[in-house]
Amino acid sequence: MAQGNIFVRVYRFYRDGFRSMTVGKTLWALILLKLFIMFAILRLFFFPDHLARFDNDVQRGEYVLEQLTNLKP
Amino acid sequence: MMLDTAVDFMQVVDWSRAQFAMTAIYHWLFVPLTLGLGFIIAFMETAYYRTGDEFWKRTTKFWMRLFGINFAIGVATGIILEFEFGTNWSNYSHFVGDIFGAPLAVEGIMAFFMESTFIAVMFFGWNKVSKGFHLTATWLTAIGANLSALWILVANGWMQYPVGMTFNLETARNEMTSFWDVLLSPVALNKFFHTVTSAYVLAAVFVVGVSAWFLLKKREQLMARKSMIIASVFGLVSACAAAFSGDRSGVVIAEVQPMKLAAMEALYDGEESAGLTVFGVLKPAEERTGNDEAFYFRFEIPKLLSLMSYRQADAYVAGINDLVNGNPNQGLMSAQEKMDRGRVAIEQLARYRQAKKENDAATMKEVAALFSPDTPQGREFLKNYFRYFGYGYLSSPQDIVPNVSLVFYSFRVMVAAGVFFLFLFAMNLWLLWKRREERYRPWLYVLLWSIPLAYLASQAGWIVAEVGRQPWTIQDLLPTVAAVSRIDSTSVMVTFFIFVALFTTLLIAELMIMTKQIQIGPKNE
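Taken in sequence, the protein lines are chains A and B.
My numbering puts the first residue of the first sequence at 1, with every later residue one more than the last.
My numbering puts the first residue of the second sequence at 1, with every later residue one more than the last.
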């Protein structure tokens, strides 16, 4: 077992773990690419929060209330 | 111009539905294997912990590698669904308020602390932490994944059967009044147990199928046989539990979503002592006006539907026509009456909004009393009008009928596959016990090719659950047409195809990495 400060031991644990990975490295590359596409491209450019333009819940509520009461069947 | 706007709006609804369905289907390709394989690995590592036999460590590590691949490729695919809530379904997201937020927040915290922390110990901790600590981490990873599923399914259960909340007029949001009513609703509990047990079945079929491949290749035969024993026992128990929870789900659906039950059975005219259709071929939708015109042919077990739905062989089961047109003899209100009542509730909401604009305190107070469960008029209004709020957005009573063919056939695929897997695991255990497994090569091919069938059955189950409750995003309260955001349909179409490309790439990557690692097999240290 590695000795020393708990944080150092945890750091070494993860560092050694990542270093010893084989197939895991490919998987991490895939995960990072996927997260980049999701958060840096899709979230930013294609999926804005439709109600985020309002400052508070009251304004959001008013907007949704307007939508729900003006929709004609 | 008005027509163009209406057409574009309906395209937003349809494309948003298609996008959500596609994302959920892809997400669910990854989830069930994680839920079940986690426990199978934990059983194997427990064997290693108890015996100290290095064979079990090697076996555990092999299956853990496949678990890791599936986990890594699938992780965060569910977040896309949350993006879609905010962009495509903003009315819905706001309307559900904190009901959805609370379970998902608990899910996030639990998933982070349990899965993400212990999964690192599981993969990096061999020979670095004690055997007991490592085993604990493996069990907690499996339990953590299943607890994550619990909170997601509780949120889904609330959409199917909204309880434990009150509607806040001021914010136009539902607010949770009882966490326990939401968590312990019969729909949520049944949904959780049925979904996770069916996921265990899928994982067991996966392990049995991959093991069959090793036996066919005459490689790693001991590992394959021992893995098969564990997976077959786990699969058999899980398949029995899935059958039991599925039966309980039938009772709950009959009570809270009778239209879904009628669609599952393609039952057009309600009847006493209703029979269960084991198999049948439906006529085209426009010809299906009643029970006699619904099928080209069908094989039915008399009285079984009544018995399974209401626990009484002569119970009345409502049909699609009863639910659309109403049936006073059975106390069933027509969809038109519900639509009228829903419109009254919407009008009151509009009155409140107008009064608020004009600072008309008296009207605001009057309407607020109607929406309050603490006033007599409020209790009456909530029970008889607001309960049907969502019906007010429908244009025709027929709108409450889901896609009957899709629900009917999906239900039969799910049930037939479930029964087949019961037989598969039982037969496999018998062959393993008799040590005849390797002699029957066709049987090994059956096991191998059962893997895609397990995925098909799992997806079919979700189609029954979700298509069967259309047109609702929240049962009776919010149809898709009112839940969707007022956005441009072109952007939804574009993102739909981006997701198809992204998820298909991920799926191909998973299949390639997974098959390569299976071919490599367990590694020697």
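Since the hints were derived computationally from the structure, they do not count as laboratory data.
Misleading hints may appear alongside valid ones.
In silico lysine to aspartate or glutamate, EDC-like type, Cα no more than 20 Å apart, as pairs [stated by the list, open to error]:
1) B:Lys128 x A:Glu66
2) A:Lys72 x B:Asp399
3) A:Lys72 x B:Asp14
4) A:Lys34 x B:Glu337
5) B:Lys523 x B:Asp53
6) A:Lys25 x B:Glu510
7) B:Lys357 x A:Asp55
8) B:Lys357 x A:Glu62
9) B:Lys383 x B:Glu337
10) A:Lys72 x B:Glu510
11) B:Lys131 x B:Asp8
12) B:Lys365 x A:Glu62
13) B:Lys61 x A:Asp16
14) B:Lys357 x A:Glu66
15) A:Lys72 x B:Asp8
16) B:Lys356 x A:Asp57
17) B:Lys218 x B:Asp8
18) A:Lys34 x B:Glu510
19) A:Lys72 x B:Glu255
20) A:Lys72 x B:Glu54
21) A:Lys72 x B:Glu82
22) A:Lys72 x B:Glu438
23) B:Lys131 x A:Asp16
24) A:Lys25 x B:Asp8
25) B:Lys357 x A:Asp57
Chain B is faced by these chain A residues, among others (derived, beta-carbon under 7 Å) [to be verified]:
26) Gly4
27) Arg19
28) Leu27
29) Ala29
30) Phe45
31) Arg60
32) Leu65
Glycine included, every Cβ here is placed at the ideal spot set by N, Cα and C.
A quick look at each hint next to the structure:
Only pairs whose Cα atoms come within 20 Å are accepted, and lysine 128 (chain B) paired with glutamate 66 (chain A) is rejected, the gap being roughly 60 Å. For the proposed pair lysine 72 (chain A) and aspartate 399 (chain B), the alpha carbon gap of about 15 Å is at most 20 Å, so the pair holds. A C-alpha spacing of about 18 Å is found between lysine 72 (chain A) and aspartate 14 (chain B), which places the hinted pair at or below 20 Å, so the restraint holds. Restraint check: the Cα-Cα separation between lysine 34 (chain A) and glutamate 337 (chain B) comes to about 49 Å, which exceeds 20 Å; the hinted pair is violated.
Proposed proximity of lysine 523 (chain B) and aspartate 53 (chain B) is supported: the alpha carbons are some 15 Å apart, at most 20 Å. Under the criterion of a C-alpha separation no larger than 20 Å, the hint pairing lysine 25 (chain A) with glutamate 510 (chain B) is consistent with the structure, at around 14 Å. The straight-line distance between the Cα atoms of lysine 357 (chain B) and aspartate 55 (chain A) is roughly 19 Å, inside the 20 Å bound, and the hint therefore holds. Restraint check for lysine 357 (chain B) and glutamate 62 (chain A): satisfied, since their Cα atoms lie roughly 10 Å apart, inside the 20 Å limit.
Restraint check for lysine 383 (chain B) and glutamate 337 (chain B): satisfied, since their Cα atoms lie roughly 14 Å apart, inside the 20 Å limit. The straight-line distance between the Cα atoms of lysine 72 (chain A) and glutamate 510 (chain B) is roughly 46 Å, outside the 20 Å bound, and the hint therefore fails. Distance check on the hinted pair: lysine 131 (chain B) and aspartate 8 (chain B) sit about 60 Å apart at the alpha-carbon level, beyond 20 Å; violated. Simply put, lysine 365 (chain B) and glutamate 62 (chain A) have alpha-carbon atoms about 17 Å apart, close enough for the 20 Å limit, and the pair holds.
At roughly 18 Å between alpha-carbon atoms, lysine 61 (chain B) and aspartate 16 (chain A) fall within 20 Å of each other, so this suggested pair holds. Between lysine 357 (chain B) and glutamate 66 (chain A) the CA atoms are separated by roughly 11 Å; this keeps the pair inside 20 Å, and the hint holds. At roughly 15 Å between alpha-carbon atoms, lysine 72 (chain A) and aspartate 8 (chain B) fall within 20 Å of each other, so this suggested pair holds. Pair hint lysine 356 (chain B) plus aspartate 57 (chain A) holds up; C-alpha atoms about 16 Å apart against a cutoff of 20 Å.
Pair hint lysine 218 (chain B) plus aspartate 8 (chain B) does not hold up; C-alpha atoms about 59 Å apart against a cutoff of 20 Å. In summary, the hint linking lysine 34 (chain A) to glutamate 510 (chain B) is supported, as the alpha carbons are separated by about 13 Å, within the 20 Å threshold. For the proposed pair lysine 72 (chain A) and glutamate 255 (chain B), the alpha carbon gap of about 30 Å is over 20 Å, so the pair is violated. Among the hinted pairs, lysine 72 (chain A) with glutamate 54 (chain B) is inconsistent with the structure: their alpha-carbon atoms are about 68 Å apart, more than 20 Å.
For a cut-off of 20 Å, the pair hint linking lysine 72 (chain A) to glutamate 82 (chain B) is broken: about 27 Å separates their Cα positions. A C-alpha spacing of about 65 Å is found between lysine 72 (chain A) and glutamate 438 (chain B), which places the hinted pair above 20 Å, so the restraint is violated. With a C-alpha separation of about 18 Å, the suggested pairing of lysine 131 (chain B) with aspartate 16 (chain A) holds against the 20 Å cut-off. For the hint linking lysine 25 (chain A) to aspartate 8 (chain B), the alpha-carbon distance of about 45 Å lies beyond 20 Å, and the restraint is violated.
At most 20 Å may separate the alpha-carbon atoms for a hinted pair to count; lysine 357 (chain B) and aspartate 57 (chain A) meet this at roughly 17 Å. Checking glycine 4 (chain A) against chain B: minimum C-beta separation of about 14 Å lies over 7 Å; hint violated. For the restraint placing arginine 19 (chain A) at the interface with chain B, the shortest Cβ-Cβ distance is roughly 10 Å, beyond the 7 Å limit, so the hint is violated. Checking leucine 27 (chain A) against chain B by beta carbon gives a least distance of about 4 Å; that is within 7 Å, so the hint holds.
Of the supplied interface hints, the one on alanine 29 (chain A) is violated, with its beta-carbon coming no nearer than about 10 Å to a beta-carbon of chain B, more than 7 Å. Given the 7 Å rule on beta carbons, the hint for phenylalanine 45 (chain A) is violated: about 10 Å separates it from the nearest Cβ of chain B. Of the supplied interface hints, the one on arginine 60 (chain A) holds, with its beta-carbon coming within about 6 Å of a beta-carbon of chain B, less than 7 Å. Because the beta carbon of leucine 65 (chain A) sits about 4 Å from the nearest beta carbon in chain B, less than 7 Å, this interface hint is met.
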